[in-house]
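Student: Here is what each chain is made of, one letter per residue.
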Amino acid sequence: MLTCKEATQLASKGMDENLTGRERVALWLHLAMCRLCRRYVRNIKKLHAVMQKAGAAGQALLPDSVKLSGKSRERIGQVLDGALQQGKKSRRKKN
Amino acid sequence: MAHELSPPEQWLNLYGDILYRYGFARVRDAAVAEDLVQETLLAALKARARYTGKASEQTWMIGILKHKMVDYFRKAGRENTREFDDRLTGDENNDFFDSQGHWQGDVSSWCSPDNLLQQEQFFDALQACIERLPPRLAQLFIMRELDGMGNDEICRLLSIATLNNFWVMMSRARLQLRHCLDLNWFNR
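Read top to bottom, the protein sequences are chains Z and A. Plus 80 on top of the position in the first sequence (first one is 1) and you've got the working numbering. Plus 20 on top of the position in the second sequence (first one is 1) and you've got the working numbering.
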């Protein structure tokens with residue numbers, strides 16, 4: 081008989097991989113008897129569905145406050161400008 | 021219809037935050053995510069003559085960022101001379117089971133968030149809970165659940181030694197997230 085700890089691990093594995101017949105039976109037997117693990121499995125399946133939907137919608141799942149800082153924006157801007165100027169110069173040389 | 025590129029001078033304003041958020045969600049490190057934005061924009065600058073217009077500009081940029089992220093993870097894996105010991109990730113602090121392997125606390129049953137406000141609240145809680153995962157578990161969980169990447173691919177990218185470690189870590193991430201969501205969303 082599986083413990084709850086083992087059952088949760090097997091249930092999680094079953095979401096990422098096909099379980100063997102033996103694993104499936106063991107999990108099924110445990111879930112048939114354990115209300116908490118049944119709830120757990122339902123919850124992580126809901127979580128999975130939400131994540132898939134968010135992924136398909138291109139959501140990053142980050143707070144809006146996560147942005148480039150002003151400082152790094154400035155630094156990257158300077159590096160990009162430099163590269164652009166460099167590119168223009170080398171093109172002029174070729175012509 | 022073929023897409024056209026906007027002037028490179030505008031890229032930082034148009035895509036800086038989008039690229040940063042995409043990268044940060046996956047590498048979980050602000051400094052690394054900033055560097056990735058810079059490398060991506062520089063690479064885009066060099067490659068812009070080869071842009072075919074098949075994908076939108078944003079999709080094209082994110083494609084470049086993904087390559088840069090793969091490089092970063094590879095390098096991080098190489099530089100980490102000591103093998104990651106993932107067997108214990110998170111286990112010490114947070115045990116949800118007693119010594120017999122039974123649940124320590126209750127597991128509540130969630131109702132689906134059924135209106136927009138509830139969905140927003142759920143996402144806020146989910147974001148906060150993902151933030152609180154150990155970084156490697158967060159990377160793993162996002163790659164698997166948000167990006168739908170394959171198990172082997174994730175193990176290679178994150179230098180996870182065995183598939184067994186991968187399953188243990190995924191299970192850990194799910195246990196911790198479920199617990200955190202129970203506390204921060206369901207029981208509010």
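These aren't lab readings, by the way, just hints derived from the structure by calculation. Mixed in with the good hints, there may be bad ones.
[Said to hold, decoys possible] Think about it this way: if two alpha-carbon atoms lie no more than 25 Å apart in a straight line, the pair counts; the simulated BS3-like pairs of lysine-lysine are: (1) A/LYS95 / A/LYS66; (2) Z/LYS133 / A/LYS66; (3) A/LYS86 / A/LYS74; (4) Z/LYS147 / A/LYS74; (5) A/LYS86 / Z/LYS169; (6) Z/LYS133 / Z/LYS147; (7) Z/LYS85 / Z/LYS133; (8) A/LYS66 / Z/LYS168; (9) A/LYS95 / A/LYS74; (10) Z/LYS125 / Z/LYS85; (11) A/LYS74 / Z/LYS151; (12) A/LYS86 / A/LYS66; (13) A/LYS88 / Z/LYS151; (14) A/LYS66 / A/LYS88; (15) Z/LYS147 / A/LYS86.
[To be verified] One side only, chain Z facing chain A, incomplete, derived with CB under 7 Å: (16) LYS85; (17) GLY135; (18) LEU142; (19) VAL146; (20) LEU148; (21) SER152.
Backbone N, C-alpha and C fix where the C-beta goes; we use that ideal spot for every residue, glycine too.
Student: Against each hint, give a clear statement of whether it holds in the structure.
Tutor: Do the hints match the structure? See the list:
For the hint linking A/LYS95 to A/LYS66, the alpha-carbon distance of about 22 Å falls within 25 Å, and the restraint holds. Distance check on the hinted pair: Z/LYS133 and A/LYS66 sit about 34 Å apart at the alpha-carbon level, beyond 25 Å; violated. The hinted pair formed by A/LYS86 and A/LYS74 meets the criterion: a straight-line CA distance of about 18 Å does not exceed 25 Å. At most 25 Å may separate the alpha-carbon atoms for a hinted pair to count; Z/LYS147 and A/LYS74 exceed this at roughly 28 Å.
A C-alpha spacing of about 30 Å is found between A/LYS86 and Z/LYS169, which places the hinted pair above 25 Å, so the restraint is violated. For the given pair, Z/LYS133 sits about 23 Å from Z/LYS147 by alpha-carbon distance, which is consistent with the 25 Å threshold. Proposed proximity of Z/LYS85 and Z/LYS133 is contradicted: the alpha carbons are some 28 Å apart, above 25 Å. Taking the CA atoms of A/LYS66 and Z/LYS168, the gap is about 12 Å. The hint holds against a cut of 25 Å.
Between A/LYS95 and A/LYS74, the direct Cα distance comes to roughly 31 Å. Violation of the 25 Å bound is thereby established for this hinted pair. For the proposed pair Z/LYS125 and Z/LYS85, the alpha carbon gap of about 17 Å is at most 25 Å, so the pair holds. The hinted pair formed by A/LYS74 and Z/LYS151 fails the criterion: a straight-line CA distance of about 34 Å is larger than 25 Å. For the hint linking A/LYS86 to A/LYS66, the alpha-carbon distance of about 16 Å falls within 25 Å, and the restraint holds.
Using a Cα cut-off of 25 Å, the hinted pair A/LYS88 and Z/LYS151 holds, with the two alpha carbons roughly 22 Å apart. Only pairs whose Cα atoms come within 25 Å are accepted, and A/LYS66 paired with A/LYS88 is accepted, the gap being roughly 14 Å. In summary, the hint linking Z/LYS147 to A/LYS86 is supported, as the alpha carbons are separated by about 18 Å, within the 25 Å threshold. Hint on Z/LYS85 holds. Least Cβ distance to chain A is approximately 4 Å, under the 7 Å limit.
For Z/GLY135, the interface hint holds, the least distance from its beta-carbon to any beta-carbon of chain A being 4 Å, beneath 7 Å. Residue-level restraint check for Z/LEU142 holds (minimum Cβ-Cβ distance to chain A is 5 Å; threshold 7 Å). Hint status for Z/VAL146: holds, given a least beta-carbon distance of 6 Å to chain A, under 7 Å. Look at Z/LEU148: its Cβ gets to within about 5 Å of chain A, closer than 7 Å, so that hint holds up.
Checking Z/SER152 against chain A: minimum C-beta separation of about 4 Å stays under 7 Å; hint holds.
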